[in-house]
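**Q** As given, the protein sequences belong to chains C and Y, one line each in that order. Just so you know, we're using the UniProt record's numbering here: the first sequence kicks off at 1 and counts up by one. Just so you know, we're using the UniProt record's numbering here: the second sequence kicks off at 1 and counts up by one.
A couple of the hints might just be wrong.
[Claimed, not checked] Simulated coverage check for chain C against chain Y, where a stretch passes if three residues somewhere in it have a Cβ under 8 Å from a Cβ of chain Y:
1. 178-190
2. 197-208
3. 251-261
4. 273-283
The hints are simulated quantities; they were obtained by calculation from the structure and are not laboratory data. Keep in mind it's a predicted model, so treat the numbers as computed, not measured. All residues carry an ideal CB built from backbone N, CA and C; glycine is no exception.
Protein chains: 2
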Amino acid sequence: MSTDTDADAETDPNSERAREELIELASEFYDQFAEGDVPRMRIPTRTKSNIEYSEEKGVWVLGDRRTTRTAKTKAGAQKLLKAIYTIEFLAQQLEEGRSSTLRELYYLSESWDNEFAQFNDQDDSNGLIEDLEVVSGVTREDFHMRPEESGATLMGPLLLREQTRRGEREIHCQEDVGEGGYQIPNNPDTIEFLENDAEFILCVETGGMRDRLVENGFDEEHGCIVVHLKGQPARATRRITKRLHGELDIPVVVFTDSDPWSYRIYGSVAYGSIKSAHLSEYLATPAAQFVGIRPRDIVEYDLPTDPLSDSDINALESELDDPRFQTEFWREEIELQLDIGQKAEQQALASRGLDFVTDTYLPERLGEMGVF
Amino acid sequence: MSTDTDADAETDPNSERAREELIELASEFYDQFAEGDVPRMRIPTRTKSNIEYSEEKGVWVLGDRRTTRTAKTKAGAQKLLKAIYTIEFLAQQLEEGRSSTLRELYYLSESWDNEFAQFNDQDDSNGLIEDLEVVSGVTREDFHMRPEESGATLMGPLLLREQTRRGEREIHCQEDVGEGGYQIPNNPDTIEFLENDAEFILCVETGGMRDRLVENGFDEEHGCIVVHLKGQPARATRRITKRLHGELDIPVVVFTDSDPWSYRIYGSVAYGSIKSAHLSEYLATPAAQFVGIRPRDIVEYDLPTDPLSDSDINALESELDDPRFQTEFWREEIELQLDIGQKAEQQALASRGLDFVTDTYLPERLGEMGVF
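Assemble the whole structure, with the sequences as input and the hints as a guide.
**A** Here it is as structure tokens:
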């Protein structure tokens, strides 16, 4: 096994670059020591007040404010110590062509010889990995750090090649997969898109709707790549959506329930989230358009609904103030929703029959949007 | 599309049988009317008091108590009306070779012409589908009713053939899949196992541990089929586990966190759950053995832990009274856990290094258990 993985590491330029950036960080501490300075690390501040909406890029990015961690205080020294141990672990992991989960890193720190370097809890280790992402400009995926779960799937007219630890796999995402579809790996940058016959990408919030589209053959009939978001999408799902859009040069549309939480799902695909603002350019697809379910669909199609809860109303009101939703479209839709006091699920379209979504709703809406 | 699916329906004996059973149910109502009787349906009672542990089968089954639904009362008549509309929908769905989700059924009822037949909420429609399963002896899967989400995966030395709506797919669950593995479809009875080189089946609770085993090549090295449970396993996951065990004739072991909720996950794989007691013989694998994490592992390997919460303690105490856990093994382990007051996660093994689980823990434990 180790022979294979070593070979992979040598030929993976991303791993090599990630390793170099990490060692560069550590060597800065070394130079600071050598020059008699107190070691320090300057990190862009990752708070709500240092997040800016970049009109030019259409995504949230970090502002200019910086925090300095120095070894002058005991707490600061301990942070730097943890960073050094983590850098050593990551550099070794990359050299060996291995990977680990964020949770494993937390537990692994218990085996480190210096107990001050050990993490207190997983927020501590997760935060440090985010620090290292921000400072090094390398993504967590390129450190070979995995989340606990990803698990979203893709189905559509696309032939891809995935570089796995066991060699390359060429997979056609309709012909070589079962009804469950192609499982998106934790790091989709191991994928190369080889051939496709796709007209657009449709990101779908719920599993029930994803299954409906696939059963009705919507992907085959319309040259559509169906990406299942599974609620708030994992980084891997957002990353592959962005890459599909950029490399295949086709539209991305997002299809969710009609409630404020679902609009946030759309927002995280399109604009990026505050938590991962340092990665917006890597993860966000500003050109992604919102298909629905729209509050006006509730009215026009007389869909079965549930009443808005207090927390729904608060979330909608906070979206009215959110720069990401400062468009005429969103203001009208959100105000209409507050007015009617109702929300609806994607599957509420089934009240018009199981084929309504694929025969009527999506063709009409995507026609209006210029996607068809 | 419809031509294909019609063709599938004609050649699928399960669909044909399911349709006949449903129509048989409806024709009983017809006969009752014809004979001047008030229509009625006798249903095994699905409450905790009518669930028995079958020593012989090693699973939970329904007892002999029956409830009678009759049209003598308005509520009873409405239940039967809903059953008739649902039967009509399901029979048509099966005839057309289609399927739908439980949630779609609920919404679809809004389009029915008789408003008394419409469901009040999803518990109402889910409950009726369970009634029809119990009375007809046909599983939900054979009615072509899907859950909202399934999404578990499988990786291992197994070549299978899945009958999809788009034709047959032959997939090797190591060579033809990416690192994410093979996505188990909603109805695994569409799968035929063709060839395998498997020694045993390892069901794993968490995604992080599943990824660790796959990265370390545990499935390749030991001829192991790794089934990801994803927490409390979906019916599809339990069904494929049972079929793999029965048809490949190899041991099943279950590997989870060490806490009462995880022991219930083991219990639902091995013995079946109260909610689906009418399906235990279809879903449960009584021969499944528990690998760990065991409370004694916490002590022996000095694993990082969290303290038991009050609800953990209550759940452990209720397991001591549960007939499924009335063995010396479980009594000792649960009493030890209450004694030490601690629980641990699978990934806590990483505190001994990333390879400890595959190089030491699992080989030792599976050796003791006679699986290796």
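**Q** Give a verdict on every hint.
**A** These are the hints, each one checked on the structure:
1. Beta-carbon proximity to chain Y at under 8 Å applies to 10 residues in the stretch 178-190 of chain C; the threshold of 3 is reached and the given coverage holds.
2. Beta-carbon proximity to chain Y at under 8 Å applies to 3 residues in the stretch 197-208 of chain C; the threshold of 3 is reached and the given coverage holds.
3. Counting residues of the stretch 251-261 of chain C whose beta-carbon sits less than 8 Å from any beta-carbon of chain Y gives 0, not enough to reach three: the coverage restraint is violated.
4. Interface restraint, the stretch 273-283 of chain C with chain Y: violated (0 residues with C-beta to C-beta distance below 8 Å; minimum three).
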